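Going down the list, the sequences are from chains A and B.
Taking the working numbering, the leading residue of the first sequence gets 1, the next gets one more, and so forth.
Taking the working numbering, the leading residue of the second sequence gets 1001, the next gets one more, and so forth.
Hints listed in this document are in silico derivations from the structure and should not be mistaken for laboratory results.
Given the structure is predicted, the values throughout are model-derived calculations rather than measurements.
Cβ coordinates follow ideal geometry from the N, Cα and C atoms, glycine included.
Please note that a few of the clues may not be correct.
If we take Cβ atoms under 10 angstroms as the criterion, some of the chain B residues that face chain A in the derived model are [to be verified]:
id, residue
1, 1067
2, 1101
3, 1188
With a Cα cut of at most 25 angstroms, we get these calculated SDA-like pairs of lysine to any residue [unchecked claim]:
id, chain 1, residue 1, chain 2, residue 2
4, B, 1164, B, 1059
5, A, 191, A, 107
6, A, 284, A, 267
7, B, 1253, B, 1167
8, B, 1253, B, 1175
9, A, 9, B, 1247
10, A, 9, B, 1118
11, A, 9, B, 1059
12, A, 78, A, 148
13, A, 9, B, 1191
14, B, 1158, B, 1144
15, B, 1253, A, 225
16, A, 191, B, 1175
17, B, 1059, A, 225
18, A, 284, B, 1195
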Amino acid sequence: MDHTSTFEKALRGVLITLVLIFFLFPILWIFLMSFQTNETILRIPPSLVFTPIFDNYWALVTGELRTAAGSLQLDFMKNLWNSVLLSVCSVALSLLFGVPAAYAFARFKFRLGEDIAFTLLSFRFAPPLLVLLPLSLYFKSLGLTNTYVGLIWVYQLICLPLILWIVRGYFEDISPDIEYAYRISGNSWWKTFLKISLPLARPGIAAAGLLAFIFAWNNFVFALILASADKQPVTVGALAFVTASGIQYGQIAAAIILSITPTLLLALYAQRYLVEGLSMGAVKG
Amino acid sequence: MTAAAHTHQPVKQSRFMRRALPYILSLPALLMCIGILIPFFTAVYYSLLRYRMNLPAMKGFIWFDNYLNFFTDPKFWNTVYISLVYAALTVGLELALGLGIALLLQRPSRFNNVVSILLLLPLMTAPALAALMWKLMTHPDFGILSYLLTLVGITDFKWASDPKTALLTVLLVDMWVYTPFIMILLLAGLRSLPKAPFEAAALDGVPRSFVFFRITLPMLMPYIITATLFRLLDSIQQFDIIYAMTQGGPGDKLLVFQVQAYLDFFQSTNVGRSAALMIILWAITYALSNVFIKQWLKLRERAHGAA
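Produce the complete structure using the sequences and hints provided.
This is how it looks when you write it as structure tokens:
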């Protein structure tokens, strides 16, 4: 609009600045904390002037944390590795099973088709503790408590519906005529799927995979209930930092920064797809 | 599928294969997930039991007693009350703030796009970790927010550890994480609205408040409803932020459904009560999700139909 006044422009600028401060300041502040000693963190008044140190990160890498009472063994790198393992495996598994299913729901009208699709979707909205608490008892008797296999199975329960419904939308956007044209030249259904349908839906599959990875990484409650310390991802591991007494604050901050960096970088990388993914295809980005 | 498409069927495929293919493709996914129904039905069964892990001898089938006991249980009504207040406040505030920000960033300039991308960062932060970040910022000894409050003369503000301000503190964290969700949905909605009505209104010199309430808001309504229901579904089940921040405390101030069920199960080892509580929450979310899915499908159809 051409008739925006200077006053309005200024007001808009002030408001956007306030919004940016509210949403970005916490990340920035924790980031700064992670490069400080306890002494500079505890200064009053707080100051932005300090000599950055890398000891906090180094302590996390070596697993030797400094506390008020001396040194404490806490293998945070293991938590980080668990997060990577659980997220990557559950997303890979969900893609393997979810993409063919998404194709089936997009291309064929078949009996029970929509019922299956909606049943899978309904898992996304049920309260996790409803099933997790009985599941913890089953896992105990099956020997699956605190195993990667058990955890990955639970993790893929949130990844698969997400992938299914996002990728389905992408398949639906591809005209079936392209597939027919390829099949008329004598190619099998399977070859058509691999050579035509999959490559065409690749951006959607990549977006769904990245988003599912972020959701898996950020999950907290599954591992809180089904895993003990050596299998826990960063979300649960970092909580132990806060409850364990006397760990230096800079080390807690460094652990948080290490835990959130992967998802933040992925989000910036994939931001083009996030809008459509987050709304599961209801809104075009 | 039309008859013409069938006669052009290029490679001969057996009738059986053609009919079986969709099932072959989709059943593995279903089989991977269907196992979750076992603990679901177990939860239903547990909710009908007197089942305390510390008193195994008393275990027995009691029909709906767990549910009936809720009626006279002030703890239960506290849980219902806190959960509803939490969901209503978070979703209401996030909707207002998210809509405001979306309107600020509506024009697709380079600067606005960069801002909207930066605002995604809190949404991509694990809620449990976000709670820890705010815990560090509201720490009584060195928390920057506590310090900033002392500058304006408020000392002794205890944030999450004070019953009076605990709800406010977790609300702030929830808003920090989830407002961007509503914002990006509404922003995408705003930018997809047809231009013609706005141009016509500008030509006629219609006041902007009129344009907002009579054109923008009604046209944006499907997006607002979808975003609200989506958030409501998650918010009534909030666990991560509250558990990481205060584990439901101080006292019973933040004992929402899932936190209460967690404590019932692991602290009081009252499996029956915990399961009954979760079944009630499930019934609420199931009803909500049915409304939501209808709304979501409508919007989804529109988004993909227009493409």
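How the hints compare with the structure:
1. 1067: Hint violated; residue 1067 of chain B Cβ to chain A Cβ min 15 angstroms, cut 10 angstroms.
2. 1101: Constraint on residue 1101 of chain B satisfied, holds at 6 angstroms.
3. 1188: 4 angstroms, holds
4. B/1164 to B/1059: 39 angstroms, violated
5. A/191 to A/107: At roughly 16 angstroms apart (the allowed maximum being 25 angstroms), residue 107 of chain A and residue 191 of chain A satisfy the hint.
6. A/284 to A/267: Holds - the C-alpha atoms of residue 267 of chain A and residue 284 of chain A are around 17 angstroms apart, at most 25 angstroms.
7. B/1253 to B/1167: Holds, at about 7 angstroms.
8. B/1253 to B/1175: This hinted pair holds, its Cα atoms lying about 19 angstroms apart.
9. A/9 to B/1247: 44 angstroms, violated
10. A/9 to B/1118: 21 angstroms, holds
11. A/9 to B/1059: Violated, because 68 angstroms separates the two Cα atoms, which is more than 25 angstroms.
12. A/78 to A/148: 13 angstroms, holds
13. A/9 to B/1191: Within the cut-off at roughly 20 angstroms; holds.
14. B/1158 to B/1144: 13 angstroms, holds
15. B/1253 to A/225: Holds, at roughly 23 angstroms.
16. A/191 to B/1175: Violated, because 48 angstroms separates the two Cα atoms, which is more than 25 angstroms.
17. B/1059 to A/225: 23 angstroms, holds
18. A/284 to B/1195: At roughly 17 angstroms apart (the allowed maximum being 25 angstroms), residue 1195 of chain B and residue 284 of chain A satisfy the hint.
Figure legend: structure checked against the earlier numbered hints; hints not met, in rising order: 1, 4, 9, 11 and 16.
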